[in-house]
Structure formats: structure tokens, C-alpha cells
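Just need the whole structure built from these sequences, with the hints factored in.
Number of protein chains: 2
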Amino acid sequence: MNWPFPPDETPDHVVEHETATWGPLAEAARELVDLCVMSDVDPEEVAAATADVEAAVARLRKVRRTQTLGQEHLPAGRRRPWGNPVIGLRNPIAPPLQVHSVPEGRSESDFHCGPAYEGPPGLVHGGVVALILDQVLGHAVGAKGRPGMTGTLTIVYRQGTPLGDLRVEAWVEREDGIKTWAKAQVIGPDGVTAEAEGVFILPRAIREQLA
Amino acid sequence: MNWPFPPDETPDHVVEHETATWGPLAEAARELVDLCVMSDVDPEEVAAATADVEAAVARLRKVRRTQTLGQEHLPAGRRRPWGNPVIGLRNPIAPPLQVHSVPEGRSESDFHCGPAYEGPPGLVHGGVVALILDQVLGHAVGAKGRPGMTGTLTIVYRQGTPLGDLRVEAWVEREDGIKTWAKAQVIGPDGVTAEAEGVFILPRAIREQLA
Chain E
1 MNWPFPPDET PDHVVEHETA TWGPLAEAAR ELVDLCVMSD VDPEEVAAAT
51 ADVEAAVARL RKVRRTQTLG QEHLPAGRRR PWGNPVIGLR NPIAPPLQVH
101 SVPEGRSESD FHCGPAYEGP PGLVHGGVVA LILDQVLGHA VGAKGRPGMT
151 GTLTIVYRQG TPLGDLRVEA WVEREDGIKT WAKAQVIGPD GVTAEAEGVF
201 ILPRAIREQL A
Chain Y
1 MNWPFPPDET PDHVVEHETA TWGPLAEAAR ELVDLCVMSD VDPEEVAAAT
51 ADVEAAVARL RKVRRTQTLG QEHLPAGRRR PWGNPVIGLR NPIAPPLQVH
101 SVPEGRSESD FHCGPAYEGP PGLVHGGVVA LILDQVLGHA VGAKGRPGMT
151 GTLTIVYRQG TPLGDLRVEA WVEREDGIKT WAKAQVIGPD GVTAEAEGVF
201 ILPRAIREQL A
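Protein chains in written order, with the UniProt record's numbering: chain E, 1 to 211; chain Y, 1 to 211.
Be a bit skeptical, because a hint or two may be false.
All copies of an identical chain are treated as equivalent in the list; a pair is satisfied when it fits inside any one copy or across any two copies.
Said to hold, decoys possible - Calculated cross-link-like contacts (lysine to any residue; reagent style SDA-like; alpha-carbon spacing at most 25 Å):
| # | residue 1 | residue 2 |
| --- | --- | --- |
| 1 | Lys179 | Arg79 |
| 2 | Lys183 | Glu195 |
| 3 | Lys62 | Pro121 |
| 4 | Lys179 | Gln159 |
| 5 | Lys179 | Glu195 |
Keep in mind the hints are simulated off the structure, nothing from the lab.
Right, here's the structure in full:
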């Protein structure tokens, strides 16, 4: 289930300023997430680190947004996917993926999954594989001008996906009325680990724009 | 793609001590993740919070595990899913879900998805829905004594899944040889939002144990 992310029309200097403000926080938080599962320091050090994180939380909690980042409209009604859990600059859950797309309806990303994404020992959680496939399928259909909500998503797991450096590719297969079919695969050091097919449904608002 | 999580045979006082050590850190980190996308404080406050998080990172980085939590064997060869990105006590990516299972092969969880799990505006990312369904399907097949890697996973999205309090239910449908079929659904305030079917393959090691 994904939305298209058309170009952000916010002036460059504003985007740069916001990136410089929130990017380093999310990057530090990603390191923290990794260390929550990988650190092996003694309990006193963990307690001191917890106090540091609580201090950050107390600062950030002073002003809370009334809408989520996804609900916020930017100039010209555009949206910015900074809260997205796969690609979001501000979201520490996101690795984040940098997805490259072309208008023919192809998207790809080279990305890294560390220990915080582990399911079976040493392998990426199968549901995380599904999460990434869904996101990049959404980019491919969006790039083709056929954005949509995911209707159905089918994943076939060929082999375990090892933690580490990975690649994902997605492409539009065919279109029919309000439906778009797209396929995707995750590729690890030993080849394709998982394949996906998604059926995406054009939202009514976009159908009306296209009509 | 999930592993069974049989009872942890570590002595209670050790588990309690480790829970008391790492649980509060992960809980603070979950609040931090939420605020990375929801805070609206000024840039100076963000910079100060970033410094706090970097201080925590510097402490935790002093000793790094050589194996992931998933690779670590506990007494009697058991494993503890504390690093799991859906249910892991130590993983800030995990909401975390508390999953309740019965040996008939049924699992369920009431859980909460906040703004860090957002895909479309106000809705849970479809891939996060898939991640949670995969995890809980794995619990159901494991509870029935038919643990396995996910072979295929099919999700049908019925309506958007709103951020907030949600429920997931999974159950084993049938078994045939090394395969187990299970179904699951996510339920929001307006009913079922997504349905899943998973086919799980018994790992060779477990086939040999069962034989």
C-alpha cells in the first residue's frame, strides 16, 4: 500500500535546512536501534545510555505535531515521505532505502539490512522482505503514472535473505482499467531470495484526474 | 519466515535481570522513534537531542556482540526472540506485539501502531501490515508443532488499516507433508482490513526430529 511521491515543491533552501535539522537525529537513532540489539555493555552503562535517551525524549516531547508527517500538505498539495518506515529520512525504522525510478515503471534500490531486521538467525525477517517489496512495487507503479493502494501482494520466498547488502528491483508488468500489476525481487549475494507480485488499485481521486 | 520460539530455559532471575537492563532502553528508544517523526521542536532543541542520542550511542558502542541475538544459543539450545522486529523486547522497531498462542494452532495479539508505521496518510503502511501478519502466522504454525520458514505469503487488502489500536488473529488451516497452510487477519475499528494466507515449510532439522 503506497502513495506516489511527486517532486517536493518546497524551496530547496527550506528542504536543506529541514534535512540538516532532522537527518542527523534520525541517523543517530538508527545507530541506537542497532545497538539496542547488538550492544553488550554492562548494566550500569545501559542505564546511563537509557538516561541519555530519556533526556532526548524529554527535549523532543516539548512540542508535538498535531498531524502525522504523512498527513501534512506541502506547497502545491504535495507530500514528503519523511515519515515512511522504508524510505523516510526522519524515520529510524527505515534503513532508509534510496529508490531510483524511471518513467517506464521500473524502480530499484541497493540497501543494507542490519541485525535489527533479523528474523531467522542471520537472515532478514520474511515480513521485512515483504515490507520492502511492497514499498518498491509502489514506486514502480507510481513512476509509470499508475499510483495506487496495494490490493493484493504475493511473496514467494526462494531462499533465506542474509543480513547485509541487498538489492531490490520492481517493474510494472501490465495495466487494465483501474488495476496495475507489478513484479519485484530481492537479490542477495547468492541471487534472488524473494519474488513479489502486487496488484495496485488506482485511487478514485487519481482516476478523476486522469479522466 | 519465522522460527518457533520454544520456552526459554534460562533461569527466571537471569531473564528478569536482563529484562530490567534492556527493556527500559528499548522502551525509551521506541519513544525516540515516535518523536523523530512527531516532534516539532525548534532546530536548536533537535540538535541538543541529537547530542543526547549520540552520547547514548557512544556508551553502547563500547562493547558490541559478535553474534546477533538471533544467532545466540541459550541453555538447552533454545533461542530468545528479543531482537525480533515485531515482538522483540530489545528491538525498538517492534511495537512490540505480545502474541498469545494455543496448541490448536491459533495465535492472536492486540497491539498498537503509532505514526512511525504510517504509509498512506493516517494509515498503517501496507508492508507493515504484511510484516505483522507474517510474524503471527509463524506463531500459529509454531504453536501447532509445525514451525517453518514462510514459503509463500499472500495478502489481500480490504480497506486501509488506521493507525492506532489493532488486533491480529492467525490460525492453521491444514497440513500436508512438509507444508502447513495458515490464515490470518488484521482487524481495525471498522472490521477486517487485511487477510493473509501463508504456506510454511518444515525445516529439515525439524522434519528429522519429528520422524
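For each hint, the structure was consulted:
no., hint, result
1, Lys179 / Arg79, "within (23 Å within a copy, 43 Å between copies)"
2, Lys183 / Glu195, "both (7 Å within a copy, 20 Å between copies)"
3, Lys62 / Pro121, "between (40 Å within a copy, 24 Å between copies)"
4, Lys179 / Gln159, "between (30 Å within a copy, 16 Å between copies)"
5, Lys179 / Glu195, "both (20 Å within a copy, 19 Å between copies)"
Hint compliance for this structure: no hint is broken.
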